[in-house]
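Participant: Taking the hints as your guide, dock the two standalone chains into a single complex.
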Amino acid sequence: MKIAIASGKGGTGKTTVASSLVSVWGAPLIAVDLDVEEPNLHLFLNPEYTGARTADMEIPKVDSALCSRCGKCSDLCQFKAISLMGEILMTFPEMCHGCGGCLAICPEKALTPDIRELGEISWGRIKTNEFLMGRLRIGEAMSPPLMRTVRKQLHGMMNAGSLDVSPKDVIIDAPPGVSCPAINAVMDSDFIVLVTEPTPFGVYDMKLAREAFTPMDIPMGVVVNRAGLGNSEIYEYCKASGLEILAEIPYDRGVAEAYAKGTIIAESSGAMKDIFLRLAKKLKEKADLPKNPGGAS
Amino acid sequence: MKKIAVTCESPSLDAQVDPRFGRAAGFLIVNPETMEFEFIDNGSSQVMAQGAGIQAAENVARSGAKVLLTGYVGPKAFQGLRGAGIEIGQNLENITVRQAIEKYKAGGVDMATEPNRMGHGGMGGGRGQGRMGNGR
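Quick mapping for you: the protein sequence lines, in order, are chains A and B. The first sequence begins at 1 in the numbering used here and counts up by one. The second sequence begins at 298 in the numbering used here and counts up by one.
Excised from the complex, chain B in its bound form (with noise of 0.2 Å):
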């Protein structure tokens, strides 16, 4: 089974999944079928004045995960996510990495199709932090 990156507060399937994807303290890459797991830490991306999101999809895609399940992914951490053929299940949050991945095998995380989080609009202008509508 493919492996499956979850972003995480701490390097624990007990921990916390971080809503944020690409300022995340770090990604679970879990094997679901062993729930064996490595931890990479994100902290290059969450120094970054900008770009976070690319650097966070940077960091999933070199670690040979295809599936990620987090919270909120920006625009451009979605495209770069895509384009390395990682599928994207988001809206988690309030769950740990153990109930993420369960929810996941059971079919019950929807994959995304589109970014669920606007762009910070570029440089210092604040604009557009909040969510995109996620019902659907």
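One chain only, chain A, in its complex shape (with noise of 0.2 Å):
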């Protein structure tokens, strides 16, 4: 089963919630760090660290002798990220999303495959389970095409090892937001977990999130967290739109203090362990259910 711990708003305890169901899942499972912007999963899993390596894509880089200035790549691309300008062909790889549509278009096989580097994945183990993690190179402004490479990355160790265990259940720790980035995290998990606080920041940025996942066709579920700050409209959307309420974090100093200090928040106090150890219960209950076939692969 594959479970993304998703928010609209930032902010709201995405880590908090992952760390938390990662320390008291109890079966193999891999966390992984699909926030490549600003990855802080690791910060609290502290992971050993058994490999790494750079992610790039595929550019187009272009030999001007050869180019008949027909620009169908030119028309081709929706980015801009390669322009006949005039009589000169053009590139500008930031703006590249590495289709390759115009290395297949090009009649004169002028543009041949260059490379941009856009991360670093890395991997390792935290006690029994697994761990795996993206970080966006500075200055890349895109990080939908690293994210596409953590996933495929994420599939292999999914399916390694004994068959008996696999696949692994798997906890992605998203970035937060609504738009691409936030959409690629989640896309392809078996299970949301919105996780909100009840304030008017927190109830907003959750329906505008329930609302741009919803199209995919994935059951969601919420984690409220700072239970007890602000008022009670979330508690009254969820209940008019259908989403269970999976879990409440209190609204606590000392849970504060924890995080400060980068502890597991499962691992803060005996009162925290249970509220975790019931929400993965009922995550695991969810797996059960009849669903999309093939969805866990």
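The hints are simulated quantities; they were obtained by calculation from the structure and are not laboratory data. Possibly wrong hints are sitting among the right ones.
Here are some chain B residues the structure puts well away from chain A; computed CB gaps all over 10 Å [claimed, not checked]:
| id | residue |
| --- | --- |
| 1 | Ala-312 |
| 2 | Glu-355 |
| 3 | Ile-392 |
| 4 | Tyr-401 |
| 5 | Lys-402 |
From chain A, some residues computed to sit far from chain B (all C-beta separations above 10 Å) [to be verified]:
| id | residue |
| --- | --- |
| 6 | Ser-74 |
| 7 | Lys-80 |
| 8 | Trp-123 |
| 9 | Gln-153 |
| 10 | Pro-215 |
| 11 | Pro-250 |
| 12 | Ala-256 |
| 13 | Glu-267 |
Computed from the model, here is a short list of chain A residues facing chain B with C-beta under 7 Å [as the list claims (entries may be wrong)]:
| id | residue |
| --- | --- |
| 14 | Ser-83 |
| 15 | Met-85 |
| 16 | Gly-86 |
| 17 | Met-90 |
| 18 | Phe-92 |
| 19 | Met-95 |
| 20 | Leu-243 |
Quick reminder that beta carbons are idealized off the backbone N, C-alpha and C, glycines included.
Facilitator: Written as structure tokens, this is what we have:
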């Protein structure tokens, strides 16, 4: 089962929930940080790294001696990464999404593959579990291409090892928001946990997240963090829209103190551990429900 | 004399210069001797989520103009325009297209050696949209 921990609003507690679930899960698991713009799951899980590699993407390089200035590549590219400027064919590598369309369409074979570095992916172990993360290169504007590389690596890790435990369960720490990176992180999961807080910002951004994720037809549930703060609107909204509240984490200074020390919240007290054990149990029950076949692969 | 492209808010010599380059409403391509002009709509750039400056530079390059008069040009558009051999006169605003042409002909427009507007830093960043120092 692949569970994505997402939110509309940033800072609601995705990493708090993800790291705590990893701590109490109790079955072979891969923890993945897909918030590649600012990964922080490793700060709580302290993995022992066993490997790393740079990730890159194919971009076009122009041989102007072969180019006939037909403009087919320039017309095709929706992102202006390759553009016929008068008589000169120019590339803007940072605009390229790596689709390869220009390389395929060029009738003169004047374009050859070059690479743009996207960032680094690294992996390792946390006790009996595995860990995987991506870190975007500073200056790189697009995170989905790197996220695709991380997901490819994850696919290999899920199906590796003995057959009785594969595919392994996966917990994904997703980036906040509702744009391409957030969609990319949750799109092939079996369940989405929306972490929110009972404030007007929390409610508003969770509505956006629900609207953005609904067309993917992946079941969703809510974790209310900082419960006791704010007002009751989040509960009314969840009830009205049929979203189950899976857990509530109380608004408590102790949580903030533990977080600031890099402590996994589920390991900060017995009461907190119970909250996450119950959440893990509920999520595992969701996995047993009949749903989209093959979704876990 | 070389044809001049001027960013404009509407298709007239008495229209205001549109200070935005990439997202200008359009361009007047003017023959500075006869003041005859044609209008190029830049709507194809205005609707783009990203790459508007590059698309606008492509539109100007295709028009055959060799000089551009406008307000602010970002780094990618600047690179594209210079690549196509187009000279760039920037920092023009609150004047009409006609006044911009007259100013250029009188030698009153400094031709740019670098972009005067920072890039948007990719998608959703919202960074660096302020102007870089215009003074020199």
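Participant: A separate judgement is required for each hint: does it hold in the structure or not?
Facilitator: Hints, one by one, checked against the model:
Listed as a non-interface residue, B:Ala-312 keeps its Cβ farther than 10 Å from every Cβ of chain A; the least gap is roughly 25 Å. For B:Glu-355, the non-interface assignment is contradicted: its Cβ lies about 5 Å from the closest Cβ of chain A, within the 10 Å cut-off. B:Ile-392, annotated as away from the interface, keeps every beta carbon of chain A farther than 10 Å; the closest lies near 27 Å. Its beta-carbon lying about 21 Å from the closest one in chain A, B:Tyr-401 satisfies the requirement of being farther than 10 Å from that chain.
Remark: the non-interface label on B:Lys-402 is consistent with the geometry, its nearest Cβ contact in chain A lying 24 Å away (cut-off 10 Å). Once the 10 Å rule is applied to beta carbons, A:Ser-74 is inconsistent with being away from chain B; the minimum gap is 7 Å. With 10 Å as the threshold on Cβ separation, the claim that A:Lys-80 sits away from chain B is violated: the shortest Cβ distance comes to roughly 3 Å. At the 10 Å boundary, the C-beta of A:Trp-123 stays outside the reach of chain B, the nearest C-beta of that chain being 27 Å off.
Against the 10 Å criterion, A:Gln-153 stays outside the reach of chain B, whose nearest CB is about 24 Å from its own CB. The Cβ of A:Pro-215 lies farther than 10 Å from every Cβ of chain B, with a closest approach of about 20 Å, so its non-interface assignment holds. Separation of A:Pro-250 from chain B is adequate, the least Cβ-Cβ distance of about 33 Å exceeding the 10 Å criterion. Taking the minimum C-beta to C-beta distance to chain B, about 28 Å, the non-interface status of A:Ala-256 holds against the 10 Å cut.
Non-interface status of A:Glu-267 relative to chain B is upheld: no Cβ of that chain comes within 10 Å, the nearest being about 35 Å off. Below 7 Å, beta-carbon pairs count as interface contacts, and A:Ser-83 has one with chain B at about 5 Å; its hint therefore holds. Satisfaction of the interface hint for A:Met-85 is found here, the shortest Cβ-Cβ separation to chain B being roughly 4 Å, below the 7 Å cut-off. The closest approach between the C-beta of A:Gly-86 and any C-beta of chain B is roughly 4 Å, which is under the 7 Å cut-off, so the hint is satisfied.
For A:Met-90, the interface hint holds, since its Cβ comes within 7 Å of a Cβ in chain B; the closest pair sits about 5 Å apart. This hint holds: A:Phe-92 has a C-beta 6 Å from the nearest C-beta of chain B, less than the 7 Å allowed. About 6 Å separates the beta-carbon of A:Met-95 from the nearest beta-carbon of chain B, less than 7 Å, and the hint is met. Nearest Cβ of chain B to the Cβ of A:Leu-243: about 26 Å, over the 7 Å cut. The hint is violated.
Violated hints for the displayed structure, listed by number in ascending order: 2, 6, 7 and 20.
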